[in-house]
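The opening position of the sequence shown corresponds to residue 978 in this note's numbering, with each subsequent residue numbered one higher.
Rather than coming from a laboratory, the hints here were simulated on the basis of the structure. Owing to the predicted nature of the structure, the values given are computational and were not obtained by experimental measurement. Honestly, I wouldn't trust all of these hints.
[What the hints assert, rightly or not] Simulated restraints, written as ranges between beta carbons of each label pair: (1) A1123 with L1028: 30 to 36 angstroms; (2) E993 with N1021: 20 to 26 angstroms; (3) I1043 with P1095: 16 to 22 angstroms; (4) P1018 with R1145: 33 to 39 angstroms; (5) E993 with N1112: 47 to 53 angstroms; (6) A1123 with S1030: 52 to 58 angstroms; (7) A1121 with P1052: 15 to 21 angstroms; (8) F1040 with G1127: 40 to 46 angstroms; (9) F1040 with N1112: 33 to 39 angstroms; (10) G1140 with E993: 48 to 54 angstroms; (11) G1022 with G1140: 38 to 44 angstroms.
The beta-carbon is built from N, C-alpha and C at its ideal position, and this holds for glycine as well.
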Amino acid sequence: MTWPPRPPRSPLMARELALVASLVLAWSVRADAQTSRADFPVTNGTVNVQLLSGSTLYVGGSFGYIGSQSGGGVPLDSVSGSPVAGFPRVNGIVSAVAADGAGGWYIGGLFNSVNGFPRANLAHVLADYTLAPWNPGADGQVYALAAGGGVVYAGGAFSGAGGAVRARIAAIDSASGAATAWNP
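Produce the entire structure from the sequences given, and follow the hints as far as they go.
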């Protein structure tokens, strides 16, 4: 027995201490649950069950394919149907593509990075599959793209693109990434 005797703890006090301890631990532990690993296979449907037996993981569910991640957009070889190697991984959804006239593509959609580089819903992939420095950004999803005459036209659910206020449609300089004066 200790002196002076401690007052007995109530169940409510114990719960409060447990809550405080769990909040402290939650803030101090780094969570990677939402980090995508490019080297980890993915399914094209829902995983319902997993069982590890030795070094083999058995997976069951409502899917028809398990394979490597391609990202939200990837060109396919027209003969084999396989993804073309080396295309930069898009972290999100690609909704629109427009040829750049030099063998590359402008892509638009709802994504936050391409090949690990920040890109807000608009990007330019060159013919050699490298990411161009062109980075106009759009603050909402891009659904349509057209390119020509040194201008990339974008349409979508955005209120700003190319560094300017643009409601749902924008003309963006294909070299600088800045919005043009055109603002319908």
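Evaluated hints:
1. The hinted window of 30 to 36 angstroms between A1123 and L1028 is violated, with their beta carbons roughly 50 angstroms apart.
2. Range check, E993 to N1021: Cβ separation about 46 angstroms, and the 20 to 26 angstroms hint is violated.
3. Between I1043 and P1095 the Cβ separation comes to about 30 angstroms, which falls outside the hinted range of 16 to 22 angstroms.
4. Look at P1018 against R1145: about 38 angstroms separates their beta carbons, and that is inside 33 to 39 angstroms.
5. Remark: the range hint 47 to 53 angstroms for E993 to N1112 is upheld by a beta-carbon distance near 49 angstroms.
6. Evaluation of the 52 to 58 angstroms hint for A1123 and S1030 yields a pass: the beta carbon distance comes to about 53 angstroms.
7. Evaluation of the 15 to 21 angstroms hint for A1121 and P1052 yields a pass: the beta carbon distance comes to about 19 angstroms.
8. A beta carbon spacing of about 44 angstroms between F1040 and G1127 agrees with the range 40 to 46 angstroms that was offered as a hint.
9. The hinted window of 33 to 39 angstroms between F1040 and N1112 holds, with their beta carbons roughly 35 angstroms apart.
10. Between G1140 and E993 the C-beta distance comes to about 50 angstroms, which sits within the given range of 48 to 54 angstroms.
11. Taking the beta carbon of each, G1022 and G1140 are about 40 angstroms apart, inside 38 to 44 angstroms as hinted.
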